[in-house]
Amino acid sequence: MTEAGSELAIAVCIKFTVDVNRLRPDPATAAPDLGHAHYRINDFDENALEEAVRLKERHGGRIVGVSLVEREPPRELLLRALAAGLDALYLVPHAAAASGDAFVTATILAAALEEIGAVYEMVSWDLVLCGDASCDTYDGQVGPRVAEALGIVPITYATRLDVRDDTIVAERTIEDYVHVVEATLPALVTVGSETNKPRLPHLRQIMDAGRKPIVRLTTAGLGRGALDRARATLELLGVTAPPSARRRMVVGGNGPDDVARKLVRQLQSDGELTQ
Amino acid sequence: MPIDFTLTPEQKALQKLAREFAQDIVQPLVRAADAEPDPQKGFQMMKPAYEQAYELGLVTAGFPREFGGGGLGMTDLLIAHEEICAVDCGIAFIIGVQGLGLFPVMAYGTAEQKKRFLGEACNDPTHTYQCGYAISEPAGMPGGTANFDHPSPQAGIQTTADLVNGEYVINGRKFWPTSSAGWDMKGATMNSVVVRTDRTKGGLEGLSVLMVPRGTPGVRYEPNIDKMGMRINQNCDIVYENARVPAENLVGPGNGELVVNNGFTFTGPWIGIAATAVARAAYEYVLKWSKTYTAGGTDPIIYHQNVGYMLGDIAMRVEACRYLSWKAAHYLDTYGFDGAQGLSAMTKVFTSETCVQVVYDCMRVMGCNAYDRAAHPLDKLMRDMLGFPIFDGGNMGMQRRRLWGLMADERFDPRAYANCDRVHFGKENEGIGTVTTRPEAVRELATAGR
Amino acid sequence: MSGRAEDAPSGVLTFSENPDLASELLAVGRALAAGAGAKLTTLMVGSALRERAEDAIARGADEAVLACPPDTRPGAETYLAALHAAVLAHRPAMVLVGSTRTGVEVAARLGQRLRVGCVTDALSLEIDDTGALVATRRMYGGQFLARVANRSTPAIATVPWKRFEPPPRDDDRRGTITETTIQLPPPRLRTVAIQQRPRSALDIRKAAVVVAVGRGVKRQEDVALVEALAEALGGALAGSRPITDDLRWLPPDRKIGLSGLTVRPSLYVACGISGQIEHVVGMRAARTVVAINSDPTAPIHAEADYSVVGDLYAIVPALAAALRDGRQRQAAATIESLQ
Ligand SMILES: Cc1cc2nc3c(=O)[nH]c(=O)nc-3n(C[C@H](O)[C@H](O)[C@H](O)COP(=O)(O)OP(=O)(O)OC[C@H]3O[C@@H](n4cnc5c(N)ncnc54)[C@H](O)[C@@H]3O)c2cc1C
Ligand SMILES: Cc1cc2nc3c(=O)[nH]c(=O)nc-3n(C[C@H](O)[C@H](O)[C@H](O)COP(=O)(O)OP(=O)(O)OC[C@H]3O[C@@H](n4cnc5c(N)ncnc54)[C@H](O)[C@@H]3O)c2cc1C
Numbered sequence: 001m002t003e004a005g006s007e008l009a010i011a012v013c014i015k016f017t018v019d020v021n022r023l024r025p026d027p028a029t030a031a032p033d034l035g036h037a038h039y040r041i042n043d044f045d046e047n048a049l050e051e052a053v054r055l056k057e058r059h060g061g062r063i064v065g066v067s068l069v070e071r072e073p074p075r076e077l078l079l080r081a082l083a084a085g086l087d088a089l090y091l092v093p094h095a096a097a098a099s100g101d102a103f104v105t106a107t108i109l110a111a112a113l114e115e116i117g118a119v120y121e122m123v124s125w126d127l128v129l130c131g132d133a134s135c136d137t138y139d140g141q142v143g144p145r146v147a148e149a150l151g152i153v154p155i156t157y158a159t160r161l162d163v164r165d166d167t168i169v170a171e172r173t174i175e176d177y178v179h180v181v182e183a184t185l186p187a188l189v190t191v192g193s194e195t196n197k198p199r200l201p202h203l204r205q206i207m208d209a210g211r212k213p214i215v216r217l218t219t220a221g222l223g224r225g226a227l228d229r230a231r232a233t234l235e236l237l238g239v240t241a242p243p244s245a246r247r248r249m250v251v252g253g254n255g256p257d258d259v260a261r262k263l264v265r266q267l268q269s270d271g272e273l274t275q
Numbered sequence: 001m002p003i004d005f006t007l008t009p010e011q012k013a014l015q016k017l018a019r020e021f022a023q024d025i026v027q028p029l030v031r032a033a034d035a036e037p038d039p040q041k042g043f044q045m046m047k048p049a050y051e052q053a054y055e056l057g058l059v060t061a062g063f064p065r066e067f068g069g070g071g072l073g074m075t076d077l078l079i080a081h082e083e084i085c086a087v088d089c090g091i092a093f094i095i096g097v098q099g100l101g102l103f104p105v106m107a108y109g110t111a112e113q114k115k116r117f118l119g120e121a122c123n124d125p126t127h128t129y130q131c132g133y134a135i136s137e138p139a140g141m142p143g144g145t146a147n148f149d150h151p152s153p154q155a156g157i158q159t160t161a162d163l164v165n166g167e168y169v170i171n172g173r174k175f176w177p178t179s180s181a182g183w184d185m186k187g188a189t190m191n192s193v194v195v196r197t198d199r200t201k202g203g204l205e206g207l208s209v210l211m212v213p214r215g216t217p218g219v220r221y222e223p224n225i226d227k228m229g230m231r232i233n234q235n236c237d238i239v240y241e242n243a244r245v246p247a248e249n250l251v252g253p254g255n256g257e258l259v260v261n262n263g264f265t266f267t268g269p270w271i272g273i274a275a276t277a278v279a280r281a282a283y284e285y286v287l288k289w290s291k292t293y294t295a296g297g298t299d300p301i302i303y304h305q306n307v308g309y310m311l312g313d314i315a316m317r318v319e320a321c322r323y324l325s326w327k328a329a330h331y332l333d334t335y336g337f338d339g340a341q342g343l344s345a346m347t348k349v350f351t352s353e354t355c356v357q358v359v360y361d362c363m364r365v366m367g368c369n370a371y372d373r374a375a376h377p378l379d380k381l382m383r384d385m386l387g388f389p390i391f392d393g394g395n396m397g398m399q400r401r402r403l404w405g406l407m408a409d410e411r412f413d414p415r416a417y418a419n420c421d422r423v424h425f426g427k428e429n430e431g432i433g434t435v436t437t438r439p440e441a442v443r444e445l446a447t448a449g450r
Numbered sequence: 001m002s003g004r005a006e007d008a009p010s011g012v013l014t015f016s017e018n019p020d021l022a023s024e025l026l027a028v029g030r031a032l033a034a035g036a037g038a039k040l041t042t043l044m045v046g047s048a049l050r051e052r053a054e055d056a057i058a059r060g061a062d063e064a065v066l067a068c069p070p071d072t073r074p075g076a077e078t079y080l081a082a083l084h085a086a087v088l089a090h091r092p093a094m095v096l097v098g099s100t101r102t103g104v105e106v107a108a109r110l111g112q113r114l115r116v117g118c119v120t121d122a123l124s125l126e127i128d129d130t131g132a133l134v135a136t137r138r139m140y141g142g143q144f145l146a147r148v149a150n151r152s153t154p155a156i157a158t159v160p161w162k163r164f165e166p167p168p169r170d171d172d173r174r175g176t177i178t179e180t181t182i183q184l185p186p187p188r189l190r191t192v193a194i195q196q197r198p199r200s201a202l203d204i205r206k207a208a209v210v211v212a213v214g215r216g217v218k219r220q221e222d223v224a225l226v227e228a229l230a231e232a233l234g235g236a237l238a239g240s241r242p243i244t245d246d247l248r249w250l251p252p253d254r255k256i257g258l259s260g261l262t263v264r265p266s267l268y269v270a271c272g273i274s275g276q277i278e279h280v281v282g283m284r285a286a287r288t289v290v291a292i293n294s295d296p297t298a299p300i301h302a303e304a305d306y307s308v309v310g311d312l313y314a315i316v317p318a319l320a321a322a323l324r325d326g327r328q329r330q331a332a333a334t335i336e337s338l339q
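So the sequences go chain by chain: D, G and S. Going by the working numbering, the first sequence opens with residue 1, and the numbers climb by one from there. Going by the working numbering, the second sequence opens with residue 1, and the numbers climb by one from there. Going by the working numbering, the third sequence opens with residue 1, and the numbers climb by one from there.
Read the hints as simulated data drawn from the structure, not as lab findings. Everything numeric in this text was worked out from a predicted model, so none of it was measured. All the given hints hold, so there is nothing to weed out.
Calculated cross-link-like contacts (lysine to any residue; reagent style SDA-like; alpha-carbon spacing at most 20 Å):
(1) D:Lys197 - S:Arg219
(2) D:Lys197 - G:Gln52
(3) D:Lys197 - S:Arg215
(4) G:Lys427 - G:Glu410
Produce the complete structure using the sequences and hints provided.
Shown next, in the form of structure tokens:
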């Protein structure tokens with residue numbers, strides 16, 4: 001499997017997203033307080049990157065990351081993505097990146113993937129890996145749309161995958177079913193948190209990550225007039241947090257039995273233990 | 001603008017790695033290991049986390065790249081170390097102690113010794129390598145550690161090593177060293193041991209370091225010390241009975257006391273940031289508590305002025321301790337340990353003593369609930385914190401003496417550290433305060449002189 | 001109306017491979033069709049679909065298009081071909097697809113083929129005065145709600161399961177049933193195996209009390225502790241994602257949260273759940289929330305009416321015992337009052 005010629009050219013689509021668990025509503029407007037947001041690599045994209053690294057460990061090859069970004073993400077996140085195993089990272093800055101319009105994102109990403117593939121003199125990527133969805137929009141469209149734009153077969157919601165020669169075998173989880181499929185490469189695969197547990201990178205990989213190439217592509221330079229074709233299809237009218245009104249009472253007591261009795265009494269008086 | 005406290009992107013990524021390691025891998029093991037009555041069992045429960053740390057390069061982070069280490073400077077190390085200490089300082093010291101254990105080799109070893117000992121440390125396929133650092137000795141006669149640089153051969157370090165047929169024969173006992181007994185009580189991979197190689201000389205000339213590998217016959221490990229805090233840290237009781245090591249394992253002949261002083265110089269900011277981290281954990285916990293707990297009143301307690309002011313005082317001390325530690329680390333990165341002795345001691349003493357008070361103040365803000373060890377972490381943080389002023393060269397017997405010895409020197413420039421100028425520290429600054437003014441001793445000296 | 005208006009795309013086309021969800025889509029479709037040029041068309045793919053087609057018409061569809069693939073190959077590729085063909089043939093203003101994993105893939109790929117937008121997982125849909133399809137959907141893990149306007153033609157949206165009730169049957173309704181065949185390209189994805197994951201008979205969304213177990217439980221056999229509490233409360237046992245997906249200690253239909261189900265019980269008890277936003281969105285609508293978590297800083301406490309900061313291994317059995325105890329005493333009192 002590792003003989004010459006079977007090395008894989010893998011692209012991983014990576015989104016640098018808001019860390020949703022640390023995002024708070026602005027108390028005045030209930031809109032997300034993006035000014036104080038923390039950023040991270042999208043959870044599922046870390047799984048995609050990990051899967052790419054595992055495939056590379058088995059088959060050899062090259063892993064290139066591609067990210068459509070509104071503006072330059074914090075450099076420590078770029079270093080982390082590189083440390084996790086990317087050979088190079090391509091950033092495509094575009095104002096529409098923040099809009100969450102999957103058509104725009106996928107169209108530009110697909111054009112960028114073709115452009116980068118041309119840099120490496122490739123006819124096609126063997127494998128494009130994406131997260132099932134991104135944690136901010138939880139939309140799930142970008143992977144299948146990129147596959148469609150590139151004209152390659154999408155394998156969505158893969159929980160396990162392996163490549164043998166030019167065939168990919170994947171286990172997909174579709175609601176209650178496990179669907180085992182195979183396809184001839186090239187393919188686009190989307191993965192999630194069940195697929196693997198991303199490793200922490202080695203300290204030296206982090207400290208040396210800055211030596212790997214970070215290339216910035218401009219959308220204007222992308223082939224086939226990608227930018228003109230990627231006009232917006234959606235408009236975000238507003239984002240607000242619905243209010244929460246919990247009592248937030250801490251039930252304490254003298255040991256578990258006492259706590260339990262107090263809680264039962266409280267729930268009884270609230271009328272929650274009627275049946 | 002040479003003074004810049006901005007973390008580099010690399011440092012931020014390193015910080016995140018250490019934080020994830022601490023939260024994902026260490027945190028789930030801590031509670032049970034801390035509660036384990038048998039100290040060796042508690043220590044062993046952390047072995048999987050240690051192996052992970054080794055795998056990630058955290059254990060060997062500070063060793064030079066040429067030997068397979070991470071090549072990090074002291075400032076970088078501090079950034080990672082703070083994140084681990086904020087979760088548990090015991091595992092952080094187990095991870096870090098190799099730096100101290102191999103300090104004698106790094107600072108005083110020959111090229112050959114560096115290649116051998118550092119190479120071994122950085123390339124262990126089992127990911128379990130440990131190197132202890134054995135100076136301290138048990139209470140007894142003479143006993144103790146603080147007077148290691150006492151001018152009399154009958155005082156200070158009493159573990160001896162005599163050269164017999166090309167081998168050093170060690171006799172004596174060490175008490176307290178971290179990670180010396182290893183995962184199975186049969187010894188860490190390596191131990192550097194401060195010994196008296198010349199029985200006729202005092203602490204300033206008669207001490208050296210011997211590298212004692214695991215499996216050396218004549219070394220015995222008594223059960224570990226059962227401590228009030230830092231329970232995850234293994235502290236050992238080692239007995240040497242004609243233990244033999246080859247002569248080429250000798251490091252820094254006649255400079256053992258400098259190794260002790262400079263080793264603790266090297267760790268000053270490292271302990272400083274650890275104390276900061278434990279205080280930070282207490283501070284952040286109590287801050288959150290103050291914003292949600294009403295104490296039966298109508299508002300969260302942070303709206304009481306006393307709580308608000310106290311939290312402010314807590315926060316400012318945590319910040320101050322962090323930046324002093326960074327400053328000392330920066331000085332070490334600039335000049336190495338040589339000259340940092342004073343600043344390092346200031347950092348270690350100031351941060352450890354300040355942070356004890358910070359954790360205690362956190363308990364005062366929180367109130368009685370802080371005393372509930374099942375529900376809240378203040379108990380463990382306090383127990384751990386109380387070790388800081390007394391270990392790593394106790395503040396009273398060792399750290400302050402180093403600073404004193406430097407300041408008493410005619411050449412001492414009180415602005416040198418502020419100006420980031422090189423300071424000199426040598427044997428002439430050691431030994432201060434080891435000979436007391438006990439009235440009979442003074443009288444005896446006077447009579448002898450007559 | 002001029003000829004030009006007749007040429008403009010109009011009406012709503014719905015599709016879901018899941019029959020229940022397909023019926024539910026008719027409710028939204030009917031409501032939107034009123035503003036989108038009246039006609040509601042539903043697409044079904046497969047064979048022997050007449051009965052379902054008639055049911056769809058009774059529930060509000062004007063036309064049911066039955067697409068019969070050349071072979072019995074199911075899956076996204078077939079659905080996409082059928083839906084694409086139906087869009088070209090019927091030129092709807094809006095396309096609604098059921099938000100299953102397959103449905104989202106089909107909707108997204110259709111959108112890319114047609115170069116139009118798609119809003120997934122719409123919690124509500126309406127047409128604004130500019131004629132745009134406006135959806136409400138969750139954002140940032142579910143802590144926020146976004147309003148998104150889809151101005152494309154056709155505008156595509158996907159609708160989650162059980163969000164809407166299927167419209168009642170009206171057996172007097174009439175509509176047309178059209179049968180078509182679809183052309184399929186040679187398959188690129190070959191199915192090697194399909195296995196069903198175990199499923200529970202229980203629908204946690206119908207339970208008045210839900211007790212959920214999270215990663216705070218250390219071993220699979222300890223799930224029984226929490227199950228005993230669920231029993232004592234007469235409630236259903238559910239789980240967080242690590243429990244259902246990563247560890248598979250509970251079937252997938254017991255998962256609560258963004259990628260699982262949304263429950264609205266009167267009482268919800270979280271045992272060893274940290275309360276990450278992706279979980280919380282699934283239980284926010286509960287009337288009363290109890291959290292049992294040993295970490296006092298866990299976000300779940302902010303989402304709870306009653307928090308117990310403590311070890312679930314001690315609290316959960318104690319709570320189950322206290323409940324059983326209370327019930328026994330009540331039963332004894334009742335019996336006494338009858339004597
Ligand atoms: C968690 C932990 C980890 C440790 N790890 C190690 C390790 O890895 N290796 C190792 O060798 N040791 C280790 N130790 C031991 C520790 O570093 C030393 O034993 C300790 O710092 C010795 O300091 P001391 O001042 O208490 O010494 P002692 O000699 O016991 O002195 C006791 C006290 O006497 C007074 N005193 C004595 N002499 C003087 C003097 N000349 N001037 C002023 N006052 C004096 C001071 O008040 C001093 O505190 C560890 C200890 C702990 C708790
Ligand atoms: C796009 C996306 C979609 C997702 N969708 C979902 C979803 O639908 N549903 C979902 O649940 N998650 C979902 N997640 C995952 C979610 O982010 C969290 O990872 C998950 O909810 C955490 O599960 P948990 O609370 O059980 O585990 P943890 O976060 O590990 O929490 C375990 C908790 O147990 C407590 N604990 C430990 N021991 C004890 C003890 N002895 N007694 C009491 N308490 C104890 C700990 O303090 C901790 O708070 C999604 C994530 C993403 C990125």
